[in-house]
Structure formats: C-alpha cells, structure tokens
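A.B. asks: If you want the building blocks of each chain, they are given just below.
2 protein chains.
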Amino acid sequence: MSSYCVATYRSFDDKADFHKKAQSIAVGLTVGSWTELPEAQKAEMEKHLGIVREVAVHESDVPGERYADIRIAYPDLNFSRDIPALLVTVFGKLSMDGKIKLLDIDFSEEFLSAFPGPKFGLQGIRDLLSVHDRPLLMSIFKSVVGHDLDNLREQFYKQALGGVDLIKDDEILFENPLTPIEKRVEVCMDAARRASEQTGQKLLYAVNLTGPTSQLISQARKAINAGANALLFNVLSYGYDVLHELSRNPDITVPIAAHPALAGALYPSRHYGIAAPLLLGKLMRVAGADLSLFPSPYGSVVMPKEENLAVKEALLDAALPVKPTLPVPSAGIHPGIVPLIWQDFGLDVVVNAGGGIHGHPMGTVAGGHAFRQAIEAAMNHVPLEEKAKQHPELEQAIALWGIRK
Amino acid sequence: MSSYCVATYRSFDDKADFHKKAQSIAVGLTVGSWTELPEAQKAEMEKHLGIVREVAVHESDVPGERYADIRIAYPDLNFSRDIPALLVTVFGKLSMDGKIKLLDIDFSEEFLSAFPGPKFGLQGIRDLLSVHDRPLLMSIFKSVVGHDLDNLREQFYKQALGGVDLIKDDEILFENPLTPIEKRVEVCMDAARRASEQTGQKLLYAVNLTGPTSQLISQARKAINAGANALLFNVLSYGYDVLHELSRNPDITVPIAAHPALAGALYPSRHYGIAAPLLLGKLMRVAGADLSLFPSPYGSVVMPKEENLAVKEALLDAALPVKPTLPVPSAGIHPGIVPLIWQDFGLDVVVNAGGGIHGHPMGTVAGGHAFRQAIEAAMNHVPLEEKAKQHPELEQAIALWGIRK
Chain A
1 MSSYCVATYR SFDDKADFHK KAQSIAVGLT VGSWTELPEA QKAEMEKHLG
51 IVREVAVHES DVPGERYADI RIAYPDLNFS RDIPALLVTV FGKLSMDGKI
101 KLLDIDFSEE FLSAFPGPKF GLQGIRDLLS VHDRPLLMSI FKSVVGHDLD
151 NLREQFYKQA LGGVDLIKDD EILFENPLTP IEKRVEVCMD AARRASEQTG
201 QKLLYAVNLT GPTSQLISQA RKAINAGANA LLFNVLSYGY DVLHELSRNP
251 DITVPIAAHP ALAGALYPSR HYGIAAPLLL GKLMRVAGAD LSLFPSPYGS
301 VVMPKEENLA VKEALLDAAL PVKPTLPVPS AGIHPGIVPL IWQDFGLDVV
351 VNAGGGIHGH PMGTVAGGHA FRQAIEAAMN HVPLEEKAKQ HPELEQAIAL
401 WGIRK
Chain B
1 MSSYCVATYR SFDDKADFHK KAQSIAVGLT VGSWTELPEA QKAEMEKHLG
51 IVREVAVHES DVPGERYADI RIAYPDLNFS RDIPALLVTV FGKLSMDGKI
101 KLLDIDFSEE FLSAFPGPKF GLQGIRDLLS VHDRPLLMSI FKSVVGHDLD
151 NLREQFYKQA LGGVDLIKDD EILFENPLTP IEKRVEVCMD AARRASEQTG
201 QKLLYAVNLT GPTSQLISQA RKAINAGANA LLFNVLSYGY DVLHELSRNP
251 DITVPIAAHP ALAGALYPSR HYGIAAPLLL GKLMRVAGAD LSLFPSPYGS
301 VVMPKEENLA VKEALLDAAL PVKPTLPVPS AGIHPGIVPL IWQDFGLDVV
351 VNAGGGIHGH PMGTVAGGHA FRQAIEAAMN HVPLEEKAKQ HPELEQAIAL
401 WGIRK
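Chains A and B supply the protein sequences, listed in that same order. The first sequence begins at 1 in the numbering used here and counts up one residue at a time. The second sequence begins at 1 in the numbering used here and counts up one residue at a time.
A portion of the hints provided could be inaccurate.
Each pair may be met inside one copy or between any two copies, as identical chains are not told apart.
[Stated by the list, open to error] Mimicking DSSO-like on lysine-lysine, the simulated pairs with C-alpha atoms at most 30 angstroms apart in a straight line are:
#1 LYS387 x LYS158
#2 LYS202 x LYS158
#3 LYS305 x LYS99
#4 LYS305 x LYS20
#5 LYS42 x LYS389
#6 LYS158 x LYS47
#7 LYS15 x LYS405
#8 LYS222 x LYS119
#9 LYS119 x LYS42
#10 LYS21 x LYS142
#11 LYS99 x LYS15
#12 LYS99 x LYS405
#13 LYS387 x LYS202
#14 LYS387 x LYS47
#15 LYS183 x LYS323
#16 LYS202 x LYS222
#17 LYS20 x LYS99
#18 LYS42 x LYS142
#19 LYS142 x LYS47
#20 LYS21 x LYS222
#21 LYS222 x LYS158
#22 LYS20 x LYS42
#23 LYS99 x LYS142
#24 LYS15 x LYS119
#25 LYS142 x LYS202
Bear in mind the hints are in silico, worked out from the structure with no lab data behind them.
Model the full structure from these sequences, guided by the hints.
C.D. replies: Next comes the structure, spelled out in structure tokens:
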C-alpha cells in the first residue's frame, strides 16, 4: 500500500493550462519523466510517481489574473522522514518556477510517525502552570539589549508580580557577557520564586536559545540545569529540523516557544512563499513547538484576520495526531483588545503583550493586573468599561489605549 | 571602537515619513527605546544603538507607490557571530512589519572574523580538477528517484564520458534503500575512474547530503570515506548555520555545492523577502559554499538578468575577505546558450545542464561533447554555426535547441 503526502499550491498564470501544469509538477518532482518510459518500467516506477489530486481554476479579483489551487500527492517512498526532505521535494525547485505559493501540506500517517510533536502542548503547559480555566497571559521583556543582570531581575520581578503566566526573552537577546544564559536563568528564576510567594502563581520563563546549531542541545541543557523551565527558539533562522531534534530530545524537559522571526520574508506575498497557517501553524506543531507566536490581527504587523485564525486552527486541529500547540497571537496587544481576543480565539490562547504591560501609566505591575482584569471581564461577558469602575489599573489602561470593538 | 553590520532594506509605503521609520527601526531593533532614556543611561547604551546610515526616497514606476532604500548600522556588540543571530536582529521582527525587503548586508570585519568562508572556492575547485583556462561543465542526474545502483552507474558513466567536470545528484534524492549514499558514491566514483581512463579528465561528484541535522557531519564523513569528492547541500532547508558548521569542520575535506531549493519562497517578491544576491550570493559564500547554484537568466525559472549578475558579483566580489564561490547559473541551459553565458559570466562560471545533456539526439555522451564544443567555440569567438560544421554533436544540438542570441 502506497502512502502520500499531499501539497496544495496556488499557481498564478495568465494563460497556462493548469491541468497540464499540475501534471508536469507531479511527474517532474518525482520520477522526472513518464510518457517516454517503456511500459515495463512504468510498472516499476508507478509507486514513485506523483499524482494530481485536484485542479481548481479560479478567476482572480485582479483583472486579467488567473490562478489555480492545485493538489499533488507525493509518494512517501521518495523522501526521508524529515521536514527538509519533504519541503525540498514539494517546493524546492518549484518555488523558483514562476508565481506559485505553497498553501498547505497534508502529512501521511506514515510520515507523521517520525514526529512525536510537542512534548507538552496546550494541556501540558496548562498543567505546568495549574491554570485550566482562562486564557494565559505572557509578557515580553522590553529593551534588554545592553542591560545587566540587575536590570533584568528587576524587570522580571515586576512582570511576575503583575500576574503573568509566562515571560519570554526578547528574541534579539543573544549570548552576551552581560547576561549569559545561565546567569539570566538564575536571576530570573529567583525573581520568579520571590514573586510567586506574593502572587501564589506559577510562572514559565522562556529563555532565548541561541548560538551555533551543533551546540543548541548543550546550551539548552545548561539553561535547564540552571533552572530554566521553558525555551524560546527562533525556528526559521535554524530550520524546522533543528526544532524537531530539540523537541524530541529526552534531555529537553521543558516546553519550547517558537518565535516567528523572519516569517515575514516567507508568508505575506500573494504570489510567492509559504502560507502562514503552514509556516507558523502546522509545521511548527509537527516539529514540536509547545507554543507558537504569530502576528496578531490587531497590531501594525499585518496579516488578514482569516489567516490568523487559520494559523490558530492549524495549531489546534484535532485531526492532527500530535498534541495541540498553544496559539500566541502577538503584537499590538493592550487590555482593550482582550474581549476581541476572547471572541476570536476563545479559552485556549496566550494573551501576549510587551508595550501593553510595560507602558501602563501605573507601571509594569499594574500593566499585568490590567490584563488579568480584562481577561476576567471578557470571560464573564462584563464590558471593560463596567469592570474598570472597580479596577483603577484597567481604568487607566483603557484611558490610555481605548477599547477596540 | 564600535563596529557595525549594515543592513539595506527597501521599504514600501504610500505615506510614511521614511526618515522617521528608519529611526524607529534603528532604535526598535537595538536598544528598544531612546528618547525616553535618562541622559546618564544614554551614555551607557549608545554603543548598543542602531544608526541610520542612509534614507533614499524614490517614486516608484507603479502609480501612487513610494519606496525608500534604507541603510541601518547594527552594533556587533548586540549579536553573536552567527548568521541566525544576525538575520534575526536585522530582519526577524521587521520582516513582518509591512512591505519591506532585505536587500543586502555589509558584514563588519569583526563579524566576518568568525567565518573562514569556502574551504576550496573557485581556485580550489579548479586546482582539484586541473582546469584553469575555461568555464567548467556540470551535469545533473536525470530521473533518479526509484532507480537502482546499476542505473545510476550507467547514467554517471555516460555523463562522465561526455567530458563534464562535475556531476551533481538530483537534490530530491534522499537516503533510500535502493541507492544509499555510501553505495551511490562507490558505484559512481568507480564509473568516474573508468571514464577518466578514457577522457583523461578529473571529475567531482557532488553527492546529496541529507537527513537529520545532527547527523549531517557523520553522513558526510561516511560519504567521504566511501570516496566522495564533493557534496551537494540544500542549504535553505537546513539554515546557513548548518552550512557554516559543515564547511568549517576539518573532517569535511571536499567542496560543498549549495543548492537553491526553496529560494523561490524568499527572493522573487518585489515587496517581501530577501534579495537573491544576498540569499544565494553573499550569505552562501560567507557560510562556506564552494559552488552556489542559482536560477540562470536563460530558462523558465524567472529572475531578472541584472539580479542574476548581482548574484554572480556577490559570489566573486574581491572586497569580501573570503575565497570566491563558483557561480552556477542553472536551468534552461543547452549548447546554443553557451555564447551568452560566456558573454554574461566570463571564464569563472560552471555551465550546468540536465536536459541539455541527457536530451541530446545522439545521447548523453554526445550531449556532454556538444557543450564542450560550444564552450571552446565561445571562448575563441567562433560562431556556433561555424564550429558545428566540424562537430556533429554540436550541429545536432543546435538543430534541436537553436542558438539564443
């Protein structure tokens, strides 16, 4: 029995015969040639041949433009069980062949069998935090490049006191003499413990894992030995396979948050690249991300809302036989947006804010509180204006940033 | 003394104040905030602050569109000496912030000091082949997925007999039971030796290095122990840092050819992504590619000619203090195009053909000969029609494919 991974493309062409084009992709990216093959060889080669599953031709809204959504099935026999092999097969050469965008990949069970997926996932993270009944709250360090350990400790402590569940490093904080990873983890986890005594809450600190590829595992071990209870990782600058190897490694006993740095080089074009739900959704999840950050529909970072929600779907979709990944829509988040997040994403989401916490008129601690108040209000269908009457933190946040309807 | 890496962007915006935008990038991607900082802290932080070097505003050819080419200098202090850290710094978050494309990076001496660059480079490959006075000729396996070792041997032998200097694996040939890497190397290198006895030529076989990231070095060692004298590597599916680690590893004693698979997801959009001369030129070279394949200006794979030539420039530019990388413009190459290649690329180029060799009416061996004849003609300014009178291989190639003027 043959098994196949199926890639979906959007191909733009003013005059192409899309059925012919699909056929040439199916043959060209697998056995190379078909009609010229002797019959005896065809029997032998058929199991390696790509198959056109669907060609749906559309007239575009752009005058004169035509496109087709094409689905091609690739035999698992042709590639090894790793993401580089699959991506090179389905989009290696093809990515350079005119206006074409990779929209989706349906993985076969056989292919997926090599992918344990997230070690913790949504439920695992909720268990670690003992929080099951509300959206989680994450805050981001602000201005950490060039700062020392004391500054970091202080910033961390204030964020933690505000009642956030997760704190993530700035993704541009690399190994440096002022705040090396082990020291950073020590002082931040110490601040976390002190804050925890006051808040009664648990907290995950996602420390940025950086440096040479071959040393990432040992860096992660160092961080974990120093007390790190989560990792942040710039997946696209290293490749999905590195995330896969990290996440499946038994020594990596903490959740991994995937950062979308560089993703904007790949998903926003209509004609080229890889669609966000695959890039930041399905592939991150299959490669083992426990949380995946992606541009929110609310900020300056532009992604059409349906695409944001499709990323979320891909991270949570029950059809995929690996644990769901926690969606973290990021950028432009302030307390006045929380009811929208609740409406769009529901319970299983991480509300992630940087400026929306640190920029609070009453300070960072109040910034966290305002978010927690907004989350509580949204979940209980209490208008923020109403809730704000009892909560000065929320009141001031709304006064500054407003309420997005 | 501070040292900086300088990134050049093209930013599209209908109404932005580009000078303000540039300033906000320079601050936002480094120290985070500036004007609000106390004066005492400014003195401390200035060495970490990004600097706007240039803002050149242009009116676009597209009505109503405006863009600016912006150059920002990033202090080396802020990132570690690896390509993931540099890319995440200069284009991590920024890639997702509207219409913006990364055009170029000027590396500081300090940053480059961590990059030995190509181990062989242009000259090293010429030395290995003992060919210094003409463009090199490379052929690509055709239809190898699903074929066995006998087929590979036979195909390899014919290509070698045709007088090619390099033979590369198909980039979609992964580790598989029919032609595992060690066996493939053994039979192909054996065929190379047999052919060499007839042609008197040396030959490099770039075997495709695939599989899990952490096992690539040991796979490469296996291949080299089995006799491999070159490697092919799908760099973008693994990340530049993996190429860098391979190329600097003392056990990797053979040249590495970088394949551009997936590059089309990144370079072709006008508004997003990473420009080809950086993506397939400078970064490949700095990361240690001895040869870099990129779309030729002659085939169906579309890249504007000035971009192709800018890739070449980046690979050869004497201003970069690492060895030059051999340019391999690929796709759509047949003997009738060789005079154009000679005109556009000159002596230091690899003429790379697949169908243009295997599809020759007299067969694969004749296909190689026709190319060698075309190269000789072009170098001596002899019109191909003229040369073809003495050479039936070239004559038939021209009859089939024509001569591109």
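A.B. asks: So which of those numbered hints doesn't the model satisfy?
C.D. replies: Hints 5, 9, 14, 15, 20, 24 not satisfied by this model.
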